[in-house]
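Peer 1: Sequence:
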Amino acid sequence: MRKHYDFDKMKGRKNPYTKYLKQPVTMRLDRDTVSYFKSLAAETGVAYQTLINLYLRDCAVHHRKLRMKWATRAVNMNYEEEYDFSDSVRNPYAKRLKKQITLRLNTDAISYFKALATETGIPYQNLINLYLTERTHS
1116 MRKHYDFDKM KGRKNPYTKY LKQPVTMRLD RDTVSYFKSL AAETGVAYQT
1166 LINLYLRDCA VHHRKLRMKW ATRAVNMNYE EEYDFSDSVR NPYAKRLKKQ
1216 ITLRLNTDAI SYFKALATET GIPYQNLINL YLTERTHS
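Following the working numbering, the numbering of the sequence shown begins with 1116 at its first residue and continues without gaps.
Some clues are possibly wrong.
As the list claims (entries may be wrong) - Pairs of lysine-lysine residues, derived as PhoX-like cross-links and limited to a Cα-Cα distance of at most 20 Å, are as follows:
(1) Lys1180 x Lys1229
(2) Lys1229 x Lys1137
(3) Lys1153 x Lys1214
(4) Lys1213 x Lys1153
Hints in this document: simulated from the structure, not taken from any laboratory. Just so you know, these numbers come straight off a predicted model, no measurement behind them.
Given these sequences and hints, build the entire structure.
Peer 2: The structure is reproduced here in structure tokens:
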């Protein structure tokens, strides 16, 4: 072994397996949820995106199911006959309710939520948001 190595001439290269460890996902999360994880990040010194990933990974590893019940719609209820929606407009403040962030999540967590989405018929990003929201209010 040499006593001295010249690292200036060395060409660095990225780990080729990094892309298999985490998957980038862009989603809109409730502002309260992001604030909660940011406050945890301030307390622990761990980035809030990492905390979110750790929580979702824990859900995937332990196969945690979301505790929620959907309200059932009354049988034979036809809202179009009862209400006139022709002049309705989209809520201009709807986008302010959620904040778009980009996370790098473990691929097994993404796979778990995608499988759960297929099972429930709910988009996987919405399921992740629901899990995180449940965590912030528990």
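Peer 1: All the hints need checking, so say for each whether the structure fits it.
Peer 2: Against the structure, the hints:
Among the hinted pairs, Lys1180 with Lys1229 is consistent with the structure: their alpha-carbon atoms are about 13 Å apart, no more than 20 Å. Taking the CA atoms of Lys1229 and Lys1137, the gap is about 15 Å. The hint holds against a cut of 20 Å. Restraint check for Lys1153 and Lys1214: satisfied, since their Cα atoms lie roughly 13 Å apart, inside the 20 Å limit. For the hint linking Lys1213 to Lys1153, the alpha-carbon distance of about 15 Å falls within 20 Å, and the restraint holds.
Checked against the numbered hints above, the structure breaks none of them.
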